[in-house]
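Q: The primary structure of each chain is shown beneath.
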Amino acid sequence: MAAITSDFSFMPVLPKWVVPVLLLAFAYGVVPLIGSSYLFEAILLPFLALSLAGVGLNILTGYAGQVSLGSAAFMAAGAFAAYNFNLRVEGLPLIGSIFLAGIVAAAIGIVFGLPSLRLKGFYLAVSTLAAQFFVQWALTKFSWFSNDSASGVIDAPRLSIAGVALDSAIGRYLFALTIVAILTFLAYRLVSSQTGRNFIAIRDNETAARIIGIPVLKTKLLAFAISSFIIGVAGVIWAFAYLRTVEPDGFDLDRSFQILFIIIIGGLASIRGAFFGAALIVVFPLALSRLGGFLLGDLFDSGVLDMSQRIVLGALIILFLILEPDGLVALWDRIRRRLLFAWQST
Amino acid sequence: MIADFDYQFFIEVLVGGLLSGVMYSLVAIGFVLIYKTSGVLNFAQGAMLLFAALTFVSLVERGVPFALALVVTFAIMVAIGIAIERTVLRPLTNKPPITLFMATLGLSYIIEGAAQLIWGTQVHGLDLGIEDVPLEIGGVLISQFDIFAAVVAAGMVLLLSLFFRYTRIGLSFRAVADDQFAALAVGLRLPLIWATVWAAAGLVALVAGLLWGARLGVQFSLSLVVLKALPVLVLGGFDSILGAIVGGLLIGASEKLAEVYIGDYFGGGIESWFAYVVALVFLLIRPSGLFGQKLVERI
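Note that the protein sequences, when read in sequence, are chains R and P.
If you want the numbering used here, it's the position in the first sequence, counting the first as 1, plus 1.
If you want the numbering used here, it's the position in the second sequence, counting the first as 1, plus 3.
This is chain R alone, in the form it adopts within the complex (with noise of 0.2 Å):
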């Protein structure tokens, strides 16, 4: 017993927010001044739009226990009731068009969320496939949802915030930084709270839930709810801040897949294996394809690098359930306390 205590007293245990914030820090004051606008358009803003995603899902999928592949429904839902809204509403700051994106989001999965007070498991995660097609069928057959433009194409607005503009690398890059940081934090607040309990007591069993008094019903809806406001919002840095111009189709089953890959690999019910899934996912195709480039040289085009890249990622995922089902939070937890214990004992 003794030899626990003086173990623990020897640990530097930091405050829970000096990390957050020492990052949050970092990513406001020095990342803008250092970063290449290659870093923010290529690396940094997908990063951010698609750890938003992971947040989001791993709320409805790692805390409450509902499977869901249609994720990219809701991030395609979000970002284009962000545009109409900007689009059709007067004098609508683009915060107000964002929130009401996240609240149109939202709707759209408490109704696509519905199958889930009958269905579990494998045939709720089909069900939610309904809402990913309809939704990519729905934006791209009637022209209105993308101002009768072509195929359903549709460009991000000016972005500004009480007068500045933010059109600019760095700019895009604060605005989405901001809105992740913010949304994150709540999202943090909620599985902490009594409701993200909840979330955890009907995913370990329902049945038990139910029992000690927990509204199933309402806590089911009420994740599947939160979880694509975030996505939904997260869909809209993708198209405005990231991509500037986006099409249905590029919402389909594999960016839906994509996001649940993020959450298998970065550790599900862990807000922060959104952002280290997220990381991996958006800079391994980079460093695959100069590494195949530098390898094979001109047999690797881009034929091969796609099929590679299918390849290794499939591989990862297998990998990872196998050998860290925790995912990498849990590796790099178990790194750090290596570090620090080979720090103490010198």
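No lab work stands behind these hints, which were simulated from the structure alone.
Among these hints, one or two may not hold up.
Said to hold, decoys possible - In silico contact screen, one side only, chain P against chain R (beta carbon under 10 Å); selected entries:
1. L44
2. P94
3. K98
What the hints assert, rightly or not - If you want the ones that stay clear, here's a sample from chain P, every Cβ over 10 Å from chain R, calculated:
4. V67
5. A78
6. F104
For glycine and all other residues, C-beta sits at the position ideal for the given N, C-alpha and C.
Since chain R is already given, all that's left is putting chain P on it; use the hints.
A: The following block gives chain P in isolation, referenced to the frame of chain R:
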């Protein structure tokens, strides 16, 4: 309105729908086989289908005789089945079903990527030597190819049912499906059984891949037929071969009828999601599908 309702046309659409439903059932059976015995919803079934069809076509194009190509492709599918059991399923024994599902999602990425890396991404035509001339039966035009597909599907279902009922390994399949732990306890060798099941699913994938490939051409989009099979499974229940057949027929028929009769009100192209809506509505009434087993949960 009712007076000038064209019954002959209606029957034609209905029969066409039922027959294309058989094609969905073909894919769905592969899922059911694996789900029944190992509780895994194998998302990679579509990828296996693509791999089988692509391998077969590429062999035939390189001058391998038809029958030999069939045997070689089947052997490759068996090898893949065994490899999957060794490298993916065995380390994941006793993990929650959803983990296994995600593993098969990863698997489908690997198989799709590998299939196209090995054989290329161009579209191949596949000729099975069946003429696709419409046949007139009782005043209704029916595609000959569809009838052939239906016969093949019926034959396969019969074969599988007999196999499950009358062979020793079929009996052990059912034992494993009933209770994995009990099956292990009486000395059944789970790895062998799983490898066999995956090989059987490989065979189903090969047959379905050839029929679908002859219909659509052998190309990447072939692996997307898995998305057509999922509502069929949901409707029929994941663990029932009969359910896969009936579900396929129901989905096929309602999809075609909806496309023809109400599609225009939605502006067309509703087949991408209509099957899912049918399955969903149905599930709200019966949450475990038509023939699925009802799960009893313990606390």
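Q: With reference to the structure, classify each hint as holding or not holding.
A: Evaluated hints:
1. L44: With a minimum Cβ separation of about 5 Å from chain R (threshold 10 Å), the hint on L44 (chain P) holds.
2. P94: Since the shortest Cβ distance to chain R is 5 Å, the answer is holds.
3. K98: holds (7 Å)
4. V67: For V67 (chain P), whose nearest Cβ neighbour in chain R is about 24 Å away, the distance exceeds 10 Å, so it holds.
5. A78: holds (22 Å)
6. F104: violated (7 Å)
Hint 6 from the earlier list is the only one contradicted by this structure; the remaining hints agree with it.
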